[in-house]
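Top to bottom, those sequences are chains D and Y.
So for the first sequence, my numbering puts the first residue at 1; every next one is plus one.
So for the second sequence, my numbering puts the first residue at 1; every next one is plus one.
Hints in this document: simulated from the structure, not taken from any laboratory.
Errors might be hidden in some of the hints.
Just so you know, same-sequence chains aren't split out, so a pair can sit in one copy or run between any two.
[As the list claims (entries may be wrong)] Derived BS3-like pairs (lysine-lysine); straight-line CA-CA distance at most 30 Å: (1) 156 <-> 210; (2) 214 <-> 234; (3) 182 <-> 210.
Protein chains: 2
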Amino acid sequence: MAERGDREAFVTLATNDTYALGCLVLGNSLRQRAQTTRKLVVMITPGVTQPMRNQLARVFDMIYDVNLLDSRDAANLQLLGRPDLSVTFTKLHCWRLTMFDKAVFLDADTLVLQNVDELFDREELSAAPDAGWPDCFNSGVFVFRPSEETYDSLLKFAMSQGSFDGGDQGLLNMYFRDWATKDIARHLPFIYNVVSQAFYSYLPAFTQFKDSVKIVHFIGATKPWHHPYNTATKEVTPLPETGHNKDYLQIWWDIFMSFVQPTLDPSLVSTSAPVLASYHMTLFAANHMLFSRMLICVYETDF
Amino acid sequence: MAERGDREAFVTLATNDTYALGCLVLGNSLRQRAQTTRKLVVMITPGVTQPMRNQLARVFDMIYDVNLLDSRDAANLQLLGRPDLSVTFTKLHCWRLTMFDKAVFLDADTLVLQNVDELFDREELSAAPDAGWPDCFNSGVFVFRPSEETYDSLLKFAMSQGSFDGGDQGLLNMYFRDWATKDIARHLPFIYNVVSQAFYSYLPAFTQFKDSVKIVHFIGATKPWHHPYNTATKEVTPLPETGHNKDYLQIWWDIFMSFVQPTLDPSLVSTSAPVLASYHMTLFAANHMLFSRMLICVYETDF
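Bound conformation, chain D alone (with noise of 0.2 Å):
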C-alpha cells in the first residue's frame, strides 16, 4: 500500500508563463519553508511554453497537461452558447487527478507561510469564507477529493447553471451550495486563505491573529511579480494604493531568489520569452512595465 504522502497532493493551475511563476513560487514554499510531505501537482494549459515546463518540473512531482476546454466541453458549450465558462472549466480539471485520494487546491497566486499538512484531514469540500461574501468560500483554497463522477457533475451543473460570477467560485459556491450552513467542519479557518489587504479592513484582528496565518492569498489585479524588487538591499517596494502587506511580499520575493531565480533556465531571460526579459531594469522601466506584457520588476541600484 502506498504511502499517505503518495496519494495525497498539493494541486495548482498556470495557464501561461506569469502565473507559472507563481506556481514556482508556491511549490518551493510548500517545500522549502512549509516542508511538506505530500506530492506537488501542477496542471497547465497549452499557453505555458516548453523553458517554463523544464522549470515547473524541477519543483513538481507531476505536470499535468489540460486544455483550456476538452473537445466533448467545447461542443457542448458551444451548443450552449458560453464560451465564457472554458476558464471556469480548466480548475475543474482538478477532480480528475483520480490518483490521488485527496488533494488541495491552491491558486497560482498564493503563498503557504507555514506547514498544511493538517488540511487533508478535512473532507471535500472544505474552504475558508470570502472576505467580500462570507457565506461563499474563496475558492483559491480547497480541500477536495478527486473523482471523474464529481468532475461529470460539475461540468454538467456549469453548463445547466453558468456561473454568477463568470469564474469558478461562483460556480463552485453554486455546486457545493451547503457549505454556508451544513458542517462547520468544512469552514476552513480563514488563516488558510487570508487575503494579503485583509488589514485593511480588520486591522486589530489581522494583528491579533497574525503570527497564525498560514497561506496567504494576493487578490486582485496586482501581483507579487509586479512589486518593484531591489537586488543591491533585497527589499520589495509595495505599490502604493494596492494594499499589498510588505512583509509577505518580501517573503514572496525572498523565495523567488534563492530557489526560483538561481536555476531559471537561461532561455527564459532573453527577449523570445517575455516573462523574464524585465529581469534586469531601472526602476523607471520597472514601473513603465505594469503596463507591458513584462512581468517581473526587479531592478538594479547601480544603474
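Here the structure of chain D is known, so what remains is to put chain Y in place on it, guided by the hints.
Chain Y only, in chain D's frame:
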C-alpha cells in the same frame, strides 16, 4: 404565561442624540417595514437629551437607562488603568435585560429590510461573520440570552483580558471564542448583517443574493444621516467615496421622512438641540455640516 413576543426583544443602544436618531429609524424599520411581533428596547446613556428620550418612547416599548460605567466597574477599571473599556462595557449592559428570555442586539446604524423574527430561534451567541476577518463575528447584530451571571462573567473577562480592538467586538469574540469552529447554527447567514459597502469587494455575490438581504449595517464613520437628502425630489445623494449603497440609504431616508420626521419634538429642530438644527439647509450648508456638529443633511432645492 406571557406570550413569546413579550419575552423576547430587539435591543439597541444610543449614547447620544445622533445615534438615537439611528435608533428611531431602526425601531421604525422593525415595526413598520418588518412588522415584528417582538418587544423593542433601547438602552440609553445620560448623553441622550430629554426631548430625544420622549421621541424614543414613541417607538420603543422600553427605555433602559445605563451609565457608561457602573460605579463598581469604574473602581475596578481605575485599578486596572483601563478607562478606555468604558464604551465597550456599555453594550454589555444588554445582558442585564433579564425580563427577557432571549434578545437580538442591533447596532443603531443597522436597518431591517425584512422580518427577522426567526432570529429568536437561534441560540447564544449567534452572529454573522465580519467581512474584514470572517473568523470573527460582527457584533453589530447578535442573538443572546440576558443573564446577570453572563454579564458578571463578561465584565470579569473584559477587566482581565481587555479587548483586542478596544471595542465590544474584540471583547465578545474573545469571550465567545469557539464561535468560528464549534457550531454552524451559531453562524447567522451574512444576509442578517450585510455591510452596505459589501458590493465593492464581491459584486457578483451581492448581485446574486441582494434580494435576500434582511439587515444592512452602515459601518464606518459616515452614517446614513450624513448623506444629503433633497426634500423636493425625495432622493438621497450618497457622498462619494463612502461606498454606501444608494438603495439602502434611500430606504433609511424614506423611513426617516415617513415615520420619524413628522412627529419630531419641535425642540429637536431648534438651535438648542444641535441634532436637527440643519434640517432645512442649502447644499452648501449640507456639505459644510459634515465638519460641524450638525448631523442631518436635508436640503431643499428652492433655496
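Quick rundown of the hints versus the structure:
1. 156 <-> 210: between (40 Å within a copy, 26 Å between copies)
2. 214 <-> 234: Classified as within; 23 Å inside a copy, 50 Å across copies.
3. 182 <-> 210: both (28 Å within a copy, 22 Å between copies)
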